[in-house]
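When the letters of the sequence shown are read in order and numbered with our numbering, they come out as residues 1 to 96.
I should point out that these hints are in silico values taken from the structure, not numbers from a laboratory.
Every value quoted in this text rests on a predicted model; they were computed, and no experiment measured them.
Among the clues, some could well be false.
Stated by the list, open to error - Below, computed lysine to any residue pairings styled on SDA-like, alpha-carbon distance capped at 25 Å:
id, residue 1, residue 2
1, K6, R26
2, K31, H42
3, K31, M19
4, K31, L13
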Amino acid sequence: MSDTLKVCLVVMLGLGPPMVAFGLLRRAEAKAQARLQRTLEHWRSRRLSLVTSTVVEEPGFLGDLSCQFNARSPYLRCAVNPHGPCQSCTCYQPLG
């Protein structure tokens, strides 16, 4: 066997396993990243559905419950616009 062939064989055997391990690591990281993105999207949509479900006025509370300025009181609508309607309020800021 020639020296060049031996050197090539040693290099291939030396670099082969790390390259395979690197490929497997990249694939595992991609799977973990995809799983994380799915989880984040699930929780974002769940949070959004919770906020939209609170838009329906609960008995005894005035105003839009999805606004952060809502007083959540049966007497006062909000801190910024206590008497006016929530639909046309320029200070509306969603929760979160």
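Run the distance test for K31 versus L13: straight-line Cα separation, threshold 25 Å. violated, 28 Å
Just to be careful, I want the Cα atoms of K6 and R26 compared with a cutoff of 25 Å; is the pair within it? Roughly 30 Å between the alpha carbons, so the hint for K6 and R26 is violated.
Hinted pair, alpha-carbon criterion (25 Å max): K31, H42. Please report holds or violated. holds, 17 Å
Holds or violated: K31 with M19, Cα cutoff 25 Å? With Cα atoms ~19 Å apart, K31 and M19 stay inside 25 Å; holds.
Hint compliance for this structure: hints 1 and 4 are broken, all remaining hints hold.
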